[in-house]
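S.K.: Chain by chain, the residues run as shown.
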Amino acid sequence: MHAHRRAATYSTGLFVVLLATIVASAGIGSVDVPPADVAAALVNQIAIPTSFGVTTSAIGVPFVDATLPMPTPTVGFYEPFSLAVASTDETIVVDIRLPRVLLAATVGCGLAAAGTVMQGLFRNPLADPSIIGVSTGAAVGAVAVITLPVFAAWLLEPMAFLMGLLTAFGVYWIATQNGRTPVATLLLAGVAVQALLGAATSYLLITSGDSMEKVVFWLMGNLHAAQWPDLRYTLPIVLLGTLALWAFAADLNVLVLGEEDAHHLGVEVERTKRILLGLATVVTAAGVAVAGVIGFVGLIVPHVLRLLVGPDHRVLLPTSALAGGAFLVAADAISRTTPEAIPVGIVTAVAGGPFFLYLLREREVHGL
Amino acid sequence: MTAPESGEDDHEAVDTPSNSSLSPAIDVEGIEASFGEESVLDGVDATVEPGELVGLVGPNGAGKTTLLRTISGALTPESGTVRVASDDEERRLEDVQALSSAASSRRIAVVPQTTTLSFSFSVRQLVEMGRHPHRSRFQAPSAEDRDLVDAAMERTRTARFADRSIEDVSGGERQRILLARAIAQDAPVLLLDEPTANLDLHHAVETMTLARELVETDGAAALAAIHDLELAARFCDRILVLAGGEIVANGAPEAVLKRDVLAAAFDARIAVEPSPIDGGVTVRALDDPEIDHRVHVVGGGEPAAAAIGRLGEAGADCSLGPVPEGDRAVSTAEAFDGTTVTTVRFGGIDAATRERATELAADADVVLLAAERIGGDGDPWLDVIDATDAPVVRLTDATVGAAGPDADADSENSSGDEAPPWLGRAPTTDLDSLPGAVDAIAGKSGDSGEWRGEAESADESQESDALADATLADGGVDDGEEDGR
Numbered sequence: 001m002h003a004h005r006r007a008a009t010y011s012t013g014l015f016v017v018l019l020a021t022i023v024a025s026a027g028i029g030s031v032d033v034p035p036a037d038v039a040a041a042l043v044n045q046i047a048i049p050t051s052f053g054v055t056t057s058a059i060g061v062p063f064v065d066a067t068l069p070m071p072t073p074t075v076g077f078y079e080p081f082s083l084a085v086a087s088t089d090e091t092i093v094v095d096i097r098l099p100r101v102l103l104a105a106t107v108g109c110g111l112a113a114a115g116t117v118m119q120g121l122f123r124n125p126l127a128d129p130s131i132i133g134v135s136t137g138a139a140v141g142a143v144a145v146i147t148l149p150v151f152a153a154w155l156l157e158p159m160a161f162l163m164g165l166l167t168a169f170g171v172y173w174i175a176t177q178n179g180r181t182p183v184a185t186l187l188l189a190g191v192a193v194q195a196l197l198g199a200a201t202s203y204l205l206i207t208s209g210d211s212m213e214k215v216v217f218w219l220m221g222n223l224h225a226a227q228w229p230d231l232r233y234t235l236p237i238v239l240l241g242t243l244a245l246w247a248f249a250a251d252l253n254v255l256v257l258g259e260e261d262a263h264h265l266g267v268e269v270e271r272t273k274r275i276l277l278g279l280a281t282v283v284t285a286a287g288v289a290v291a292g293v294i295g296f297v298g299l300i301v302p303h304v305l306r307l308l309v310g311p312d313h314r315v316l317l318p319t320s321a322l323a324g325g326a327f328l329v330a331a332d333a334i335s336r337t338t339p340e341a342i343p344v345g346i347v348t349a350v351a352g353g354p355f356f357l358y359l360l361r362e363r364e365v366h367g368l
Numbered sequence: 001m002t003a004p005e006s007g008e009d010d011h012e013a014v015d016t017p018s019n020s021s022l023s024p025a026i027d028v029e030g031i032e033a034s035f036g037e038e039s040v041l042d043g044v045d046a047t048v049e050p051g052e053l054v055g056l057v058g059p060n061g062a063g064k065t066t067l068l069r070t071i072s073g074a075l076t077p078e079s080g081t082v083r084v085a086s087d088d089e090e091r092r093l094e095d096v097q098a099l100s101s102a103a104s105s106r107r108i109a110v111v112p113q114t115t116t117l118s119f120s121f122s123v124r125q126l127v128e129m130g131r132h133p134h135r136s137r138f139q140a141p142s143a144e145d146r147d148l149v150d151a152a153m154e155r156t157r158t159a160r161f162a163d164r165s166i167e168d169v170s171g172g173e174r175q176r177i178l179l180a181r182a183i184a185q186d187a188p189v190l191l192l193d194e195p196t197a198n199l200d201l202h203h204a205v206e207t208m209t210l211a212r213e214l215v216e217t218d219g220a221a222a223l224a225a226i227h228d229l230e231l232a233a234r235f236c237d238r239i240l241v242l243a244g245g246e247i248v249a250n251g252a253p254e255a256v257l258k259r260d261v262l263a264a265a266f267d268a269r270i271a272v273e274p275s276p277i278d279g280g281v282t283v284r285a286l287d288d289p290e291i292d293h294r295v296h297v298v299g300g301g302e303p304a305a306a307a308i309g310r311l312g313e314a315g316a317d318c319s320l321g322p323v324p325e326g327d328r329a330v331s332t333a334e335a336f337d338g339t340t341v342t343t344v345r346f347g348g349i350d351a352a353t354r355e356r357a358t359e360l361a362a363d364a365d366v367v368l369l370a371a372e373r374i375g376g377d378g379d380p381w382l383d384v385i386d387a388t389d390a391p392v393v394r395l396t397d398a399t400v401g402a403a404g405p406d407a408d409a410d411s412e413n414s415s416g417d418e419a420p421p422w423l424g425r426a427p428t429t430d431l432d433s434l435p436g437a438v439d440a441i442a443g444k445s446g447d448s449g450e451w452r453g454e455a456e457s458a459d460e461s462q463e464s465d466a467l468a469d470a471t472l473a474d475g476g477v478d479d480g481e482e483d484g485r
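If you read the sequences in order, they're chains X and D. Mind the numbering: the first sequence is residues 1 to 368 in this note's numbering, read in order. Mind the numbering: the second sequence is residues 1 to 485 in this note's numbering, read in order.
By construction, these hints were calculated from the structure, which means they are not laboratory data. C-beta: ideal position from N, C-alpha, C; glycine also. Any given hint might turn out to be false.
Per label pair, the in silico range of CB-to-CB distance [unchecked claim]:
| id | chain 1 | residue 1 | chain 2 | residue 2 | range |
| --- | --- | --- | --- | --- | --- |
| 1 | X | Arg274 | D | Gly171 | 45 to 51 Å |
| 2 | X | Ala8 | D | Asp147 | 21 to 27 Å |
| 3 | X | Ile275 | D | Ala197 | 48 to 54 Å |
| 4 | X | Glu270 | D | Ala140 | 22 to 28 Å |
| 5 | X | Ile275 | D | Glu38 | 46 to 52 Å |
| 6 | X | Gln45 | D | Phe138 | 29 to 35 Å |
| 7 | D | Glu38 | X | Leu148 | 34 to 40 Å |
| 8 | X | Ala8 | D | Gly36 | 37 to 43 Å |
| 9 | D | Glu29 | X | Leu162 | 33 to 39 Å |
| 10 | X | Tyr358 | D | Glu94 | 50 to 56 Å |
| 11 | X | Ile206 | D | Ala197 | 55 to 61 Å |
| 12 | X | Arg271 | D | Glu38 | 51 to 57 Å |
Listed below are several chain X residues computed to face chain D (Cβ distance under 8 Å; list not exhaustive) [stated by the list, open to error]:
| id | residue |
| --- | --- |
| 13 | Ile48 |
| 14 | Ser51 |
| 15 | Val54 |
Residues from chain D that keep clear of chain X, each with C-beta distances beyond 10 Å, as calculated [unchecked claim]:
| id | residue |
| --- | --- |
| 16 | Glu29 |
| 17 | Ile108 |
| 18 | Ala109 |
| 19 | Val110 |
| 20 | Ser122 |
| 21 | Ala151 |
| 22 | Gly443 |
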């Protein structure tokens, strides 16, 4: 109960922080919108589904002079709020900034949650969400779509997502022998495969010609092109994936003690590892596919939260996720407001790196 | 084996002792395991009953940890079965390999060897993990979970630093915490892998006492790999000796911790002596042998005991006698597995006993005279020496003359008991140089008869008497004595 209460308290607090960061960030830009108006605009978006129905429309069948009845679900919404906000402000906030801010929040959540899980699973403070090559694989997919003319542009995100998953699966498969996947082998296989795929990315990059700038921007974090459709898949995948990871928090706690100990404490080690790696990989790939490679969030946020809330993953995982979301929203706000629109990956590294080094020097961070 | 005390604990009271003793809690049959090409376990059979603390001893690399890991289900053996009793009252035996990790963890709690733990869980969090196999994924800890965790921490006296980080506790405390976790796991079978490694003597005893208590009051079946044989002897009901992948001995500590058993198992020279302090044993591993001669010791008491200890450590094979039963030297000789010939105290010596002692002496490479004082004619010790051809070495403190307090110290020759002629030829040595002296004389003589013959062929018998005085005063190994040649 103790841990559950702590998890609820800290998570609620960080959720408020996340909301505040979102509101503040959505107000910042070429046109400044006061936080109250941002909040009002957001509240106006709240819609409660009230009625469900099916309307049947007739659609024409090609080449045949006939129509078919086509059932379409319809949902009636009740919008309880209509607060007074200038309509241009509401458009700027809701249609332009909000998708980007929410995407940053979602991706930040996912990366920090996946990073927490990877660090626990690998019992290694250096582990991050892409330790088994998810980001590198996604990068190859994305860069290939950008640079090679054979790929249609809309394939970028699906290719990045699939290549991320494929790479992680490949690394797992290489490291598995006789049904066992030692994390040390997994780690080394990840490093080797990442080096290989990094070479592929570099090659595509130098031969990319005109699209080189686009490639570079994607590789350093790619939130600037965010639109509402980007959230359609990413948000549910990250949300459900993170909740599923949270359900394994107690097992992760035991796994940190070592795999043999974990077996003796009732954890089905290989199966649990598989599930955790799979979920963390899907969450990471879903984020990277739409946001590009954003480093440091998944490495530093879990460490900082471990200092604040302790090593118990039942508390650490949700708080890390929320803090990761807030951190990336803030970093993206800085990225947007710099004159050159510095990619968010540079901001996270510049902001996170020195802070992390400070913690290291103070001996606050010294392991898991 | 101690049956669980009924009434001590409500849910244990159901287990009647007869029920418990009918079926073991751990039943290991024909386990074979290997790492790559190298076979580690080669057909191990073992059982542990409820309420029994069994020690698993053996040299490094004998497979103790492998056996424990096989029993816990962490390792799948190449052949053989491990069956473990269920945690309900029926105590059904089931194959560990067929159980899920959660199910086997409800039956078996493992106390791992203390390692460096590099994470900052609090002590309480670590002990709470013992409840993990009892909880489903979405279940919050119940009141029962909390009670068991609290009780386990009370029992192991870890409650007072419950909120401290596991990184900030000492090695001994850490071991108790791991034991607390196992107690909270509430399993009928307890496996302990070197629970006392890295612990000082005090904490080792404390840990074993706690394990003992779990077995006695909770009726747990415990199997502990222990490298400290003396602790094993003191705390275990039964000891299994694992060597060369097999159980080479199985029984009560006093039956198993024998010099020959241990020497074979550990491939080392070992001395085992009953310890007068706690009823256990004192086990001592010895250096590589310096010498390998057969030495028959004539004498008794402290000098003989010390001489046998020194020679035994050096690798000599000692026999002793005749000596009164219960003499100090007898237990030392037995610690080194030496044959002794004893006489009834104050009962004199019969012909058969004398004969056996003489045979032992005749069989020896060297005869050592180690007594504070030996008598003149008719002293069985002198008779035994006289009857053999082996070269004789004397320990410095031995004086020869009429036995008894009224005999003068300088009465060797004047008391009327003529010192035997070989006495002067026998080199004297102190305890430290004893093995060297034995080696020297045994090596020189080659054939013992020759030495004796030489001594007897030397016709300057007065000279030899004078020499005897000289060497007695001189101490140490006196090679000059050999100038009689």
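S.K.: Going back to the hint list, which numbers does this structure go against?
M.R.: When the structure is compared with the hints, numbers 1, 3, 5, 7, 8, 9, 12, 13, 14, 15, 17, 18, 19 and 20 turn out to be violated.
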